[in-house]
Amino acid sequence: MVLALQIILVIAAVLMTVFVLLHKGKGGGLSSLFGGGTQANLSGSTVVEKNLDRYTIVLALVWVICIVALNLLQRFA
Numbered sequence: 001m002v003l004a005l006q007i008i009l010v011i012a013a014v015l016m017t018v019f020v021l022l023h024k025g026k027g028g029g030l031s032s033l034f035g036g037g038t039q040a041n042l043s044g045s046t047v048v049e050k051n052l053d054r055y056t057i058v059l060a061l062v063w064v065i066c067i068v069a070l071n072l073l074q075r076f077a
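Per this note's numbering, residue 1 is the first one in the sequence shown, and the count goes up by one each step.
No wet-lab data here; the hints were simulated from the structure.
C-beta atoms are modelled at their ideal positions from N, C-alpha and C, and glycine is treated no differently.
Please note that the accuracy of each hint is not assured.
[Claimed, not checked] Here are the computed distance ranges between Cβ atoms for each label pair:
no., residue 1, residue 2, range
1, Leu21, Phe76, 34 to 40 Å
2, Val18, Leu73, 24 to 30 Å
3, Glu49, Leu72, 31 to 37 Å
4, Arg54, Arg75, 18 to 24 Å
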């Protein structure tokens, strides 16, 4: 049980990192440094971006649930 939760935790962390990096830049940060600022302002929020937001939130919830479950198993086992 603990090993399965640890594996899910690692997979969720890696996928969450990838999904966060896939998001479009929303300001004058590093994305505008390489010419992405004007294009980001012209295009609105797309369906892909909304779905990426949902997937990132679900993965974050899975990640938090795995951490809490692992801590509870360690505490009471």
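Okay, the hints, checked on the actual structure:
1. Leu21 <-> Phe76: 34 to 40 Å: Holds, at about 36 Å.
2. Val18 <-> Leu73: 24 to 30 Å: 27 Å, holds
3. Glu49 <-> Leu72: 31 to 37 Å: Since Glu49 and Leu72 have Cβ atoms about 35 Å apart, the given range 31 to 37 Å holds.
4. Arg54 <-> Arg75: 18 to 24 Å: 32 Å, violated
Figure legend: structure checked against the earlier numbered hints; the only hint not met is number 4.
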